[in-house]
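Between the sequences and the hints, there should be enough to build the whole structure, so can you do that?
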Amino acid sequence: MSDVPSEATPKLPRGVRLRRDEVRQEWLLLAPERVLKPDAIAVVVLELCDGARTVGTIVDELAQKYAAPREQIETDVKKMLRDLADKRVLDLA
Amino acid sequence: MNDMTLPNPSEAARVAPPAPLGMLAELTHRCPLSCPYCSNPVELDKRSGELDTETWKRVFSEAAAMGVLHLHLSGGEPTARKDIVELTAHAVKVGLYTNLITSGIGVQREKLEELANAGLDHVQLSIQDAEAENADKIAGLSGAHDKKRIFAGWVLELGMPLTINAVIHRGNVENIEALVNMALDFGARRVEIAHSQYYGWALENRKMLMPTREQVMKAAETVERLRAELQGKLVIDAVVPDYYARRPKPCVGGWGKQSLNVTPQGKVLPCHAAETIPHLEFDYVTEKSLSEIWTNGSAFEAYRGTDWMKEPCTSCPRKEIDFGGCRCQALAITGDPRNADPACSLSPFHAKITSLAIKDAADDGRDYIYRRFGATPGNAARVQITRNGAPV
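Which chain is which? The protein sequence lines are A and B, in order.
The first sequence begins at 1 in this note's numbering and counts up by one.
The second sequence begins at 1001 in this note's numbering and counts up by one.
The set of hints was computed from the structure by calculation and includes no laboratory data.
Certain hints may be false.
Derived DSSO-like pairs: lysine-lysine, alpha-carbon spacing no greater than 30 Å straight-line [to be verified]:
id, chain 1, residue 1, chain 2, residue 2
1, A, K37, B, K1207
2, B, K1319, A, K78
3, A, K79, B, K1319
Only some residues are given here: those of chain A computed to face chain B with a beta carbon under 10 Å [to be verified]:
id, residue
4, P5
5, D21
6, V23
7, K87
From the three backbone atoms N, C-alpha and C, an ideal C-beta is built for every residue, glycine too.
Listed below in structure tokens is the structure:
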């Protein structure tokens, strides 16, 4: 498991969709043969994964928004992004 | 973030069952390939009985409204339907995640581009083996393998994610590493190493398909090793072979719990093999709404939840985990669909399924019974490899 570089610009590839499911009243991440249930924080992170923002920028924005220690947010965000990239539902490039 | 699990239906006091996650739409049984493990029933639906475009569109709308997330456009070969682009566009419009399950044969690049432009989310391409000669023998069509490589290239050029699906059996079980490498080479993000499940055509061909226990063990080791090596590059999903298992698979994630299947003529099934259970009565989308069938259809109610179970399932702590395994397999091997799946070591029939596997794996049969319209084993249509439909 390699580290996620701060300069990576993560995005959801074609074939992976973040959507609000009105039947179940929750957010879902739809991927080939998989349904993932992102929690509220994960949804916020995924909405920032637009292929333009770097991981560093995403962490900065979240640290500001939640007035939380940057280091802790960086660790959590990178762990989440690595996990999703390993599942091939997120591109880091 | 976890893979989704749904609430336990028995706790919901027989209120409406949770919405299904996925729907398999068998748009047609027509297919250019004749794979001897085909999951279609032995009695194939004819073209003349297929649902029309407007009915399929209505069914997709109903599916989306009731909470279906993934729509698997399957067959047969789904692109054999002239309206495949219109159907896909409609499914996308109503919010379904669309997955095309295809042989890649008979699809022109223009058609694939139209599908991509219609919003198709994902393509799953079947591969029969890692080298062309044996792959074509299994598919029953000369030249098929090379066409699949070209098709995979088009999928990538058009920017769509690709999964390779390989059904595993004695004829290719030694080639799993090569199959996985081929999936990488094709540019797939995901590969399914799916051991053949013995229903329908595969059951007819079990003597030809069953691997040995040693082959199965080695295959599992290979998959585990490759999974670790390829983490982050390729997702490997495996469907385990259950004749040598100790615990049954949670078939279709629980009967009437997560998924449903619509046949070419509009019959709604809890799983693709459910028609092998003779006393079940199935509803048609032409007569009732999908939601009504899912919620109240007698075939869905028959084995939903755990009330129908017998021992050893009734008192089993795993009954909410594997739901007693597969009803169709229980029927096929034990004669009673309410029995525990004999793949379970707690089943009194477990020794029988193991000995069937060992016996069939040692069979030296050489002819597949190919999947063909009217080619039921009764009329012994043992067709050799064909070129453009003619024996060679």
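Tested hints:
no.: 1; hint: K37(A) <-> K1207(B); result: violated, 42 Å
no.: 2; hint: K1319(B) <-> K78(A); result: violated, 38 Å
no.: 3; hint: K79(A) <-> K1319(B); result: violated, 34 Å
no.: 4; hint: P5; result: violated, 14 Å
no.: 5; hint: D21; result: holds, 7 Å
no.: 6; hint: V23; result: holds, 4 Å
no.: 7; hint: K87; result: holds, 6 Å
Comparing the model with each numbered hint stated earlier shows that hints 1, 2, 3, 4 do not hold.
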